[in-house]
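Peer 1: With the sequences and hints as input, model every part of the structure.
Chain by chain, the residues run as shown.
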Amino acid sequence: MSRRAKDAVLGWCLLVPSAAVFAAFVFYPLYRLVDLGLHQRNRFGTAERYVGPSQYVDVLTGEEFRSGLWVTVRFVLLTVPIGLALGILLAVAADRRLRGIKVFQTIFSSTVASSVAVASVIFLVLVNPQIGFFGDVRFLSLAHTDSALRGIALSAVWANLGLTFIIVLAALQAVPEEIDEAAVLDGYGPVRKLFRITLPLISPTLLFLVVVLVIFGFQAFGQVEILTGGGPAGATETLVYKIFNSQQPLDQGEGAVMAVGLFGLTFVVSLLQIALLERRVHYGR
Amino acid sequence: MAADAPRSPWRRAGWYGVLTAMSVVVLFPIYTTLVRALSTPASYFREGQPLRPVDVQWDVFSRAFSEGDLGRKAVTSAVVTVLIVGTQLATSVIAAYAFAFLEFPGRRILFSAFMATLMLPIEVTLIANVQTMRVLGWLNSYQGLAAPFLATAFGTFLLRQGFLGIPPDLRDAATLDGFGHLSFMRRVALPLTRPIVASFAVVSFLAAWNQYTWPRAVVTESRWETIQIGLRSLSAATVDQGNVALAAALIAAVPVLALLVFLQRHLIRGLTAGAVKG
Amino acid sequence: MRSPRRFGRPLVVVLAAAVLAASCGGGDDGATSPTTGADGEVQLPECPVDALDAVTDPVEVVVWHTQTARPLETLIALVDEYNASQSKVRVRLESQGASYPEIQRKFNEALPSKQLPAMVVVDDTFTQSMADSGVVLPAQSCFEADGYDLDQLVETASSYYTIDGVLWPATAGLGNVLLFYNRDHFRQAGLDPDDPPETLAEVREMAQAIKAAGVADAPFVHEFSSWKTEFWLTGAGSSVVDNDNGRGPDDTTAGTLTDNPEALELFTWFEQMQADGLLNAVPATPGQIDQYLAIANESSSILIDSSSSATSIEAFLGGQEVTGVEGAPSPSGLDLGVGTFPGLTGPGRTQMGGDAWYLMSTTPDEVQAGAWDFMRFMNSTHAQAQNLLGGSYMPWLAAANEDPAVAAYYAGESGIAGAWLKLANDLVGAIDPDFPGPLIGPYDEFREAIQKAQDGLVFGDSSPEEALAEAQAAVDAALERYNEGSF
Numbered sequence: 001m002s003r004r005a006k007d008a009v010l011g012w013c014l015l016v017p018s019a020a021v022f023a024a025f026v027f028y029p030l031y032r033l034v035d036l037g038l039h040q041r042n043r044f045g046t047a048e049r050y051v052g053p054s055q056y057v058d059v060l061t062g063e064e065f066r067s068g069l070w071v072t073v074r075f076v077l078l079t080v081p082i083g084l085a086l087g088i089l090l091a092v093a094a095d096r097r098l099r100g101i102k103v104f105q106t107i108f109s110s111t112v113a114s115s116v117a118v119a120s121v122i123f124l125v126l127v128n129p130q131i132g133f134f135g136d137v138r139f140l141s142l143a144h145t146d147s148a149l150r151g152i153a154l155s156a157v158w159a160n161l162g163l164t165f166i167i168v169l170a171a172l173q174a175v176p177e178e179i180d181e182a183a184v185l186d187g188y189g190p191v192r193k194l195f196r197i198t199l200p201l202i203s204p205t206l207l208f209l210v211v212v213l214v215i216f217g218f219q220a221f222g223q224v225e226i227l228t229g230g231g232p233a234g235a236t237e238t239l240v241y242k243i244f245n246s247q248q249p250l251d252q253g254e255g256a257v258m259a260v261g262l263f264g265l266t267f268v269v270s271l272l273q274i275a276l277l278e279r280r281v282h283y284g285r
Numbered sequence: 001m002a003a004d005a006p007r008s009p010w011r012r013a014g015w016y017g018v019l020t021a022m023s024v025v026v027l028f029p030i031y032t033t034l035v036r037a038l039s040t041p042a043s044y045f046r047e048g049q050p051l052r053p054v055d056v057q058w059d060v061f062s063r064a065f066s067e068g069d070l071g072r073k074a075v076t077s078a079v080v081t082v083l084i085v086g087t088q089l090a091t092s093v094i095a096a097y098a099f100a101f102l103e104f105p106g107r108r109i110l111f112s113a114f115m116a117t118l119m120l121p122i123e124v125t126l127i128a129n130v131q132t133m134r135v136l137g138w139l140n141s142y143q144g145l146a147a148p149f150l151a152t153a154f155g156t157f158l159l160r161q162g163f164l165g166i167p168p169d170l171r172d173a174a175t176l177d178g179f180g181h182l183s184f185m186r187r188v189a190l191p192l193t194r195p196i197v198a199s200f201a202v203v204s205f206l207a208a209w210n211q212y213t214w215p216r217a218v219v220t221e222s223r224w225e226t227i228q229i230g231l232r233s234l235s236a237a238t239v240d241q242g243n244v245a246l247a248a249a250l251i252a253a254v255p256v257l258a259l260l261v262f263l264q265r266h267l268i269r270g271l272t273a274g275a276v277k278g
Numbered sequence: 001m002r003s004p005r006r007f008g009r010p011l012v013v014v015l016a017a018a019v020l021a022a023s024c025g026g027g028d029d030g031a032t033s034p035t036t037g038a039d040g041e042v043q044l045p046e047c048p049v050d051a052l053d054a055v056t057d058p059v060e061v062v063v064w065h066t067q068t069a070r071p072l073e074t075l076i077a078l079v080d081e082y083n084a085s086q087s088k089v090r091v092r093l094e095s096q097g098a099s100y101p102e103i104q105r106k107f108n109e110a111l112p113s114k115q116l117p118a119m120v121v122v123d124d125t126f127t128q129s130m131a132d133s134g135v136v137l138p139a140q141s142c143f144e145a146d147g148y149d150l151d152q153l154v155e156t157a158s159s160y161y162t163i164d165g166v167l168w169p170a171t172a173g174l175g176n177v178l179l180f181y182n183r184d185h186f187r188q189a190g191l192d193p194d195d196p197p198e199t200l201a202e203v204r205e206m207a208q209a210i211k212a213a214g215v216a217d218a219p220f221v222h223e224f225s226s227w228k229t230e231f232w233l234t235g236a237g238s239s240v241v242d243n244d245n246g247r248g249p250d251d252t253t254a255g256t257l258t259d260n261p262e263a264l265e266l267f268t269w270f271e272q273m274q275a276d277g278l279l280n281a282v283p284a285t286p287g288q289i290d291q292y293l294a295i296a297n298e299s300s301s302i303l304i305d306s307s308s309s310a311t312s313i314e315a316f317l318g319g320q321e322v323t324g325v326e327g328a329p330s331p332s333g334l335d336l337g338v339g340t341f342p343g344l345t346g347p348g349r350t351q352m353g354g355d356a357w358y359l360m361s362t363t364p365d366e367v368q369a370g371a372w373d374f375m376r377f378m379n380s381t382h383a384q385a386q387n388l389l390g391g392s393y394m395p396w397l398a399a400a401n402e403d404p405a406v407a408a409y410y411a412g413e414s415g416i417a418g419a420w421l422k423l424a425n426d427l428v429g430a431i432d433p434d435f436p437g438p439l440i441g442p443y444d445e446f447r448e449a450i451q452k453a454q455d456g457l458v459f460g461d462s463s464p465e466e467a468l469a470e471a472q473a474a475v476d477a478a479l480e481r482y483n484e485g486s487f
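First to last, the protein sequences are chains A, Y and V.
Residues 1 to 285 in this note's numbering are what the first sequence spells out, letter by letter.
Residues 1 to 278 in this note's numbering are what the second sequence spells out, letter by letter.
Residues 1 to 487 in this note's numbering are what the third sequence spells out, letter by letter.
FYI, nobody ran anything at the bench for these hints, they're computed from the structure.
Ideal Cβ positions, reconstructed from N, Cα and C, are used throughout, including at glycine.
Stretch by stretch, here's where chain V covers chain A in the computed footprint (C-beta under 8 Å, at least three residues):
(1) 43 to 56
(2) 245 to 257
Going by beta-carbon spacing under 10 Å, a handful of chain V positions derived as facing chain Y:
(3) Gln67
(4) Leu72
(5) Gln115
Peer 2: Structure (structure tokens):
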């Protein structure tokens, strides 16, 4: 066998383990989901019938999916802009040569250690309406349908602070000294420098961060389960929460359609990211 | 591009003030958690929820350990995490190697397919994957907990970037010296990309240890719960002793906090790779 | 897929039974559903009570449950006691979360693959769907195999859990509802602290007095689980579904929530209380205890909630060292009083509540036998008494109520919770055995419908009529789907 042929075979072989995992746990499930979405099962899982694409139309335009979608989108809108802004604030503040700055940097990164479960249990006692520290802050109340999502969003914003801080700080530190010095020489004050020079320079990173935070937001589940159980009155049921609770035979068809819908959403966002980044690459350089 | 230290001591003090205030805000939730974990719940409410512990119960941490069976759950989490990280490293390294150094038909398409898996997180494929686990009898098992995560496109991407950064001359020199792929990988590629591999391992550990949704879906027996899921059941089961669950939450965060403190560089590099150019 | 009810011509019946047995869950397990033979007599599947005799290694019996707090501690103690008392059976408890809807989901999810434990403890509403699921061994056959006289059980309980002469759960902890109120608040508002409200109208009056006296801002705290609403309706004699509240001979096909004066009255009462600022509404999130906390921190004065939390409340308020003198202040400083259930029209009429233990027929015979042996223990006077003393579940074994320890407990001699539970037990005894509560196949969907409707009323902006109409539509759809059965 020629060298090229050997290389080719080796190439495929090295991909097999990953490919096998992906085939079994990513692509096959996608196919299964699409198939499940075309069927309905009875309560005891003993019978199944084909209902066809009409189930897709019914579910995707139906109340469950629309409310789940709205809650999910609203959650993303509540967590991403504020999270990003706070991360930038912390990073800008901590990006200076001061004695002991590393301590502050470690503190600001610390929330990256909190998992969804840990952050939710912690915030449960902070925003719980009866016993929480901020329990009687109506704006964040977990007991009211309009504010419950905000209470959950607060826990997510806090939990994401560490990650956001770390990434923005790294981006800031990668900006060359010369640019900074040039800006100062040109008479830019600190605020103007931040908005006119610094942020635009790190915008690819910010964009990447936005996409990461948005995708995290789409996956919101644990926080909802621990903090509100989807309530009050289903006001905090995100798409993943609904999907997770649609595993009974009776709900599987609907759940599968919603999962496919969520995939579509993630797909669109990813495409947007690729498109936007491509443009940056072409114009930015 | 760190800002220079301010000349005037007043401004310096001002910045320390600002940074301290920010730290207080960031650490506040953890502080109150610690306070409440140590306090006796009924007394704590009676005193109007102050900022210091009330009627301290020092044994709350050991109680959390025993009531929440945290020892076993930590072991389960640890086993699953090591399984995932170890296997992810293996599968990602070889896949990245193939994409970086080998030519084979369909390379472009396969790479796109790999990257496409990033759009199908476990949350989307949950229902179908749980069914698969039921059929395989893998509910409540290490393999059930780890299987969907044994390979990752993120790791493949990251390590491929690292491999692509190796100067082509080194590659040519190695070929001339008669190195086969295995030798090249062991003696040149991996040592050169060690920082990236280490960073990936750290980030992978973080993600695996903190997982919630998949373990929640695949575990129905309490003895198979990971520590994260255990937090939820504990907080429900001890709803009349709120401090126990809080103590458990603090315990659950310790391994990753340790990671942050001791492996900070690796963690940061792993998180920022791909995010920050240059 | 209901047990055949009609006793028509023999051939039709035999054919129908055969078809139904084949189509009801799990064709190969048709033997686990009671069938009606040609002579109209019900054939029960066999309970393998002797399967333990041949066993040498201990048999593991897994029990799924959702207990928390004190009831959980009590259950663990009972299981430990049973395991230590013999060597053939090892019972292992598996918590499936903190709420009944969650264990219901887990159960439903496991159904198709039949990956079920030996026993499942669910709430009291599961009876019909358990009967229809095809995976449950009706306890009736085990009781009969043991020659057990079912008259030993509390009448309202056995009538509630019996369908067509077949008793389904192997044991049941009875629960009911209690009124908790802050006697200090009553005193401060000029109300008699020994005279708790007995109707909803009185609750409203007293709440108004308390609010007017500036003692509490929203005196009546209520966690909006749907079961409480069912208690009010059943207590007032109001059916929530057709076919005689589900217990009649026909198929249950529709809800009866619209055109239901009691339902409308109740929902309007909720709305009014909220509009007048008298209501501290707590959403029904699983695993939370906010309504108790509102009483504990005295932001509210009156609570109507489950009797099974009595021992937990007692412990939480630090009342463990309290002398049994009723009305004596507990160490937490809270002077808590307890009253009977204030109904729509009168006091003390409720519905059956609590939990029910079902035997799965999908496990090997030895496991079923082991589970039944455990049930013999749980049905003993001792265990039934313990379940009351530690877990707040009232016994379904009538004799347990006469046990000296229990009698002393009810007299309040070992803690105030005892006197509280005496009240709850009286409520259980006062349930009308002919109207103990609805029997609905898709009860979980029914509850969800009521839940959503209430949530829309209290946390949203639906009117009582709108909320009830929405609930009705959901219930009708659920019943239709259930009756469609296998397609």
